[in-house]
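Trainee: Sequence:
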Amino acid sequence: MDNQINKIRIEVEQWLTEFNNAISLNLSKKDAFDSLSSLFISDSHWRDLLSLTWKIQTFSGKENIIENIYKCILDVKAKKFSIDSTRTQPREVIRADKTAIEVILSFETIHGNCEGIVRLIKEDKLPQKLKAWNFLTALNELHVKDNKNSNLYVKDLKGPNWQDLRNEDTSYKTRDPEVIVVGCGQAGLSIAARLRQQNIDTLVVDKHERIGDNWRKRYHSLKLHNQVHVNHLPYMPFPSTWPTYLPKDKLAGWFEYYAESMELNVWTNTTFLDANYCDVEEKWDARLKLSDGSIRIMNPKHIIMAIGVSSVPNRVEIPGIENFKRKVIHSVDYKNGIKYNGKNVIVLGTGTSAHDVAQDLCVHGANVTIVQRSPSMVVNVEPSAQLPYLLYSEGPNTEDCDLITITSPLAVMKKTHQILTKKTRDIDKKLLHNLEKVGFKLEYGEDESGWQFKYLTRGGGYYFNVGASDLIADKKIKVIQYSDISDFNSMGLKLQNGDEILADLIVMATGYKGQGYMVEKLFGKAVNDKIGPIWGFDKQTQELRNMWMKTKQPGLWFHAGSLAQCRIFSKFLALQIKAVQKGLISHN
Numbered sequence: 162m163d164n165q166i167n168k169i170r171i172e173v174e175q176w177l178t179e180f181n182n183a184i185s186l187n188l189s190k191k192d193a194f195d196s197l198s199s200l201f202i203s204d205s206h207w208r209d210l211l212s213l214t215w216k217i218q219t220f221s222g223k224e225n226i227i228e229n230i231y232k233c234i235l236d237v238k239a240k241k242f243s244i245d246s247t248r249t250q251p252r253e254v255i256r257a258d259k260t261a262i263e264v265i266l267s268f269e270t271i272h273g274n275c276e277g278i279v280r281l282i283k284e285d286k287l288p289q290k291l292k293a294w295n296f297l298t299a300l301n302e303l304h305v306k307d308n309k310n311s312n313l314y315v316k317d318l319k320g321p322n323w324q325d326l327r328n329e330d331t332s333y334k335t336r337d338p339e340v341i342v343v344g345c346g347q348a349g350l351s352i353a354a355r356l357r358q359q360n361i362d363t364l365v366v367d368k369h370e371r372i373g374d375n376w377r378k379r380y381h382s383l384k385l386h387n388q389v390h391v392n393h394l395p396y397m398p399f400p401s402t403w404p405t406y407l408p409k410d411k412l413a414g415w416f417e418y419y420a421e422s423m424e425l426n427v428w429t430n431t432t433f434l435d436a437n438y439c440d441v442e443e444k445w446d447a448r449l450k451l452s453d454g455s456i457r458i459m460n461p462k463h464i465i466m467a468i469g470v471s472s473v474p475n476r477v478e479i480p481g482i483e484n485f486k487r488k489v490i491h492s493v494d495y496k497n498g499i500k501y502n503g504k505n506v507i508v509l510g511t512g513t514s515a516h517d518v519a520q521d522l523c524v525h526g527a528n529v530t531i532v533q534r535s536p537s538m539v540v541n542v543e544p545s546a547q548l549p550y551l552l553y554s555e556g557p558n559t560e561d562c563d564l565i566t567i568t569s570p571l572a573v574m575k576k577t578h579q580i581l582t583k584k585t586r587d588i589d590k591k592l593l594h595n596l597e598k599v600g601f602k603l604e605y606g607e608d609e610s611g612w613q614f615k616y617l618t619r620g621g622g623y624y625f626n627v628g629a630s631d632l633i634a635d636k637k638i639k640v641i642q643y644s645d646i647s648d649f650n651s652m653g654l655k656l657q658n659g660d661e662i663l664a665d666l667i668v669m670a671t672g673y674k675g676q677g678y679m680v681e682k683l684f685g686k687a688v689n690d691k692i693g694p695i696w697g698f699d700k701q702t703q704e705l706r707n708m709w710m711k712t713k714q715p716g717l718w719f720h721a722g723s724l725a726q727c728r729i730f731s732k733f734l735a736l737q738i739k740a741v742q743k744g745l746i747s748h749n
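Count the sequence shown with the working numbering and you get residues 162 to 749, in order.
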């Protein structure tokens, strides 16, 4: 084993020596290009997170990479690419069905300390020479340093103590924050914590009464469907004694504790009404409605929308549903099924919320019919849904796992999830067969790329089975197709075959509006049109559109996603805002 590790290290060091020589100023541009060309395979990918381009973007194809990376390296004077001896050491791995040597790197630029990963493979034509397949470069820390005020020890015993100073800091009586963050879920808290550590004055505002209410107020039985070790927030991992799948109220309580421990400035019961940008002063006029009903106008440099991918209920207009004279609610308003024992309920939709609501109603004794409007993807929560996260239980710490995770560019990530989707279909084939037998229609995403790509492109359309699918397969929850409905009437609905389904309640599990809806509401149509779509992949950059990067509207940023995404990308968003504040990059 030691001989194999040494052999890998020697081969990696050889590649790094040649790479460092190629980017030095000792070679002509032609010689540098020729040298770099020998170090990458034709179908290679380079993903940069701020370190060389000040952008989040991916370049694919050897010629495209070499042309861009050489110029960028010279611009920021990148140097000293080397194996990071403090991180997981070079090792042989399998990524997207390719065997590669995965190496965590460190390097420097004029702006800061950087990190990265190179995945090296051996081509069939030259099996003796390692070449780069995936290359990640990422800014880790800016050279700019601020002297933080430490209030750990106060000599003046008659003066304010720590709590007094915190109250004063949070009140904003005599100043405006540099940044306003809208929303204090995982997105808002993670970016506020990162900015706090960058010494950027940040205020988080949220309409709810308490921090964590975005989880606390959801339906009674809700738990996270991925495992605890994937979901840590920055700087403060969950206790090792915590359950594998976090209940919503436990997570909500942690959010409150996190905000207090990280000394985050949060105003709850505060509604962000709207904002207008002043191009001359490069500041916002932002209107906030405070808990006492008064209006406060603040002038931050930056506004970060952290309201999430799924925040505004999409209350779809279903033709004919106005004929139904009993109760209709959206799934966001559903709490529990206690009072529906023995009653009839129709759940419209087959995403995660629909399944969870239907299961909760069923176990409380309701007669539940779920209406499927379009095919859905179903994955058993264990082991299938956890396969993409196996890296986090393989040995590397969370920081290294995060870096490894974001190394894969779009094409490689898609291939990986196609492989995983095929594997999960085989693991779950009995359940999937039984679902199809009772008329539940299945699909597996674009090009069978699976649930994660469904999330990244549309924010939903799948379900991690924690029991509802078994109830459907066993006909304890009935399923009908929306196309089979003839019409709704005062008591329920009528099917094309003449049958009627009575209902005391209809739950509309019809998803959520895109983030553009809130942009137009809060900033106006012109700003929304200027920015363009949010979420889903941009074909040119191969990255999520308008996420964690400068938008076409100066001073307006977006941060959203799973807890893991918020932990990882909050770092890069905070670094960009710090760079703007320090004049390293322009506000526009």
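These aren't lab readings, by the way, just hints derived from the structure by calculation. Idealized CB from N, CA, C, for every residue including glycine. Heads up, some of the hints might be wrong.
Ranges of calculated distance between the beta carbons of each label pair, as one might list FRET restraints [claimed, not checked]: (1) S401 to D440: 45 to 53 Å; (2) K378 to E661: 54 to 62 Å; (3) G454 to K378: 45 to 53 Å; (4) L186 to E424: 42 to 50 Å; (5) E483 to K450: 30 to 38 Å; (6) R327 to N229: 45 to 53 Å; (7) K637 to V254: 53 to 61 Å; (8) D192 to Q165: 32 to 40 Å; (9) E607 to K500: 51 to 59 Å; (10) K240 to I458: 41 to 49 Å; (11) K496 to E607: 55 to 63 Å; (12) R336 to K584: 38 to 46 Å; (13) K334 to K637: 55 to 63 Å; (14) T247 to S199: 38 to 46 Å.
Computed list of lysine to any residue pairs in SDA-like fashion (alpha-carbon distance at most 20 Å, straight line) [to be verified]: (15) K713 to N749; (16) K216 to G693; (17) K290 to K190; (18) K682 to L434; (19) K496 to H369; (20) K216 to W696; (21) K584 to E604; (22) K743 to G273; (23) K240 to N182; (24) K743 to V305; (25) K691 to Q657; (26) K713 to S723; (27) K488 to N475; (28) K190 to L177; (29) K292 to E228; (30) K674 to K292; (31) K368 to L318; (32) K290 to S332.
Trainee: Return the numbers of the hints above that this structure violates; sort them in rising order.
Mentor: Per hint list: 2, 3, 7, 9, 11, 12, 14, 17, 25, 26, 30, 31, 32 violated.
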